[in-house]
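Make the full structure from the sequences, and use the hints.
Chains A and B, in that order, are what the protein sequence lines are. FYI, the numbering for the first sequence is 1 to 117, going by this note's numbering. FYI, the numbering for the second sequence is 1 to 111, going by this note's numbering.
No lab work stands behind these hints, which were simulated from the structure alone. Be aware that one or more of the hints could be misleading.
So the derived label-pair ranges between C-beta atoms look like this [to be verified]:
1) A:Gly84 - B:Glu17: 31 to 41 angstroms
2) A:Arg113 - B:Gln81: 25 to 35 angstroms
3) B:Ser53 - A:Ala2: 24 to 34 angstroms
4) B:Pro14 - A:Glu17: 40 to 50 angstroms
Taking lysine-lysine pairs in the DSS-like style, the calculated list, with each CA pair at most 27 angstroms apart, reads [said to hold, decoys possible]:
5) A:Lys22 - A:Lys57
6) A:Lys57 - A:Lys13
7) A:Lys52 - A:Lys15
8) B:Lys1 - A:Lys57
9) B:Lys42 - A:Lys57
10) B:Lys1 - A:Lys52
11) A:Lys13 - B:Lys42
12) A:Lys15 - A:Lys57
13) A:Lys13 - B:Lys68
14) A:Lys15 - B:Lys42
15) B:Lys1 - B:Lys68
16) A:Lys22 - B:Lys42
Just so it is clear, CB atoms sit at the ideal spot from N, CA and C, and this is done for glycine as well.
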Amino acid sequence: AAGVIQSPRHLIKEKRETATLKCYPIPRHDTVYWYQQGPGQDPQFLISFYEKMQSDKGSIPDRFSAQQFSDYHSELNMSSLELGDSALYFCASSLAGGIQRRSTEAFFGQGTRLTVV
Amino acid sequence: KQEVTQIPAALSVPEGENLVLNCSFTDSAIYNLQWFRQDPGKGLTSLLLIQSSQREQTSGRLNASLDKSSGRSTLYIAASQPGDSATYLCAVTNYGQNFVFGPGTRLSVLP
Numbered sequence: 001a002a003g004v005i006q007s008p009r010h011l012i013k014e015k016r017e018t019a020t021l022k023c024y025p026i027p028r029h030d031t032v033y034w035y036q037q038g039p040g041q042d043p044q045f046l047i048s049f050y051e052k053m054q055s056d057k058g059s060i061p062d063r064f065s066a067q068q069f070s071d072y073h074s075e076l077n078m079s080s081l082e083l084g085d086s087a088l089y090f091c092a093s094s095l096a097g098g099i100q101r102r103s104t105e106a107f108f109g110q111g112t113r114l115t116v117v
Numbered sequence: 001k002q003e004v005t006q007i008p009a010a011l012s013v014p015e016g017e018n019l020v021l022n023c024s025f026t027d028s029a030i031y032n033l034q035w036f037r038q039d040p041g042k043g044l045t046s047l048l049l050i051q052s053s054q055r056e057q058t059s060g061r062l063n064a065s066l067d068k069s070s071g072r073s074t075l076y077i078a079a080s081q082p083g084d085s086a087t088y089l090c091a092v093t094n095y096g097q098n099f100v101f102g103p104g105t106r107l108s109v110l111p
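Right under this line is the structure:
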């Protein structure tokens with residue numbers, strides 16, 4: 001079965017550079033989430049999209065932005081990178097269909113490990 | 001604001017033991033609760049999803065229960081194996097909102 005695909009798997013950037021992380025959700029899933037997981041920490045919510053519109057926003061720095069495209073893939077753009085941005089970035093997708101938008105089971109990608117040097 | 005806690009933070013057991021991992025959440029108005037497994041430096045693998053209207057879910061040696069009113073869920077692992085060693089995270093969702101994760105329980109199953 002198709003899973004959530006993230007690219008690249010690993011990324012090394014220097015301080016003040018920019019990075020773009022990509023996420024391809026499971027086909028027919030309408031909701032995409034982005035999470036950041038620092039070393040030894042639990043995943044922290046950054047931002048989510050439902051049907052290509054931003055649906056919720058968490059602790060995402062102003063230096064970061066994200067969008068969901070017409071084919072439902074999503075990109076997380078990170079600018080002016082800082083050492084503290086080094087983390088594992090996860091994308092997840094789910095199907096939140098219906099008026100009440102009750103989220104169903106979420107599936108996570110393998111993550112992108114970003115290292116800022 | 002939803003907060004999720006997990007007890008214990010770490011657990012080490014000999015192979016073959018049955019064990020229970022606990023998850024608590026502060027806002028009982030959840031829509032579902034999901035248990036994940038994470039190996040070091042790896043992604044999150046979904047283990048079980050419990051909808052708010054359900055009391056438990058089972059998959060193989062895993063059984064998860066949900067008591068919404070008390071804000072608790074337990075993950076029961078039967079006949080533990082060394083391959084079960086990983087961090088187990090629970091996450092809850094409220095209406096139209098993202099998943100809120102607990103800090104996880106690091107499980108080590110010793111051969």
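Evaluation of the provided hints:
1. A:Gly84 - B:Glu17: 31 to 41 angstroms: Roughly 39 angstroms apart at Cβ, these two residues keep to the hinted range, so it holds.
2. A:Arg113 - B:Gln81: 25 to 35 angstroms: 28 angstroms, holds
3. B:Ser53 - A:Ala2: 24 to 34 angstroms: Holds - the Cβ-Cβ distance for serine 53 of chain B and alanine 2 of chain A, about 28 angstroms, lies within 24 to 34 angstroms.
4. B:Pro14 - A:Glu17: 40 to 50 angstroms: 48 angstroms, holds
5. A:Lys22 - A:Lys57: With Cα atoms ~18 angstroms apart, lysine 22 of chain A and lysine 57 of chain A stay inside 27 angstroms; holds.
6. A:Lys57 - A:Lys13: 25 angstroms, holds
7. A:Lys52 - A:Lys15: With a Cα-Cα distance of about 30 angstroms, the restraint between lysine 52 of chain A and lysine 15 of chain A is violated, given a limit of 27 angstroms.
8. B:Lys1 - A:Lys57: 14 angstroms, holds
9. B:Lys42 - A:Lys57: 24 angstroms, holds
10. B:Lys1 - A:Lys52: Satisfied, since the Cα-Cα distance of roughly 25 angstroms is no more than 27 angstroms.
11. A:Lys13 - B:Lys42: Distance ~20 angstroms between lysine 13 of chain A and lysine 42 of chain B Cα, so the pair holds.
12. A:Lys15 - A:Lys57: Since the Cα atoms of lysine 15 of chain A and lysine 57 of chain A sit roughly 25 angstroms apart, the hinted pair holds (cutoff 27 angstroms).
13. A:Lys13 - B:Lys68: 44 angstroms, violated
14. A:Lys15 - B:Lys42: 25 angstroms, holds
15. B:Lys1 - B:Lys68: Holds: lysine 1 of chain B and lysine 68 of chain B sit about 16 angstroms apart, inside 27 angstroms.
16. A:Lys22 - B:Lys42: 17 angstroms, holds
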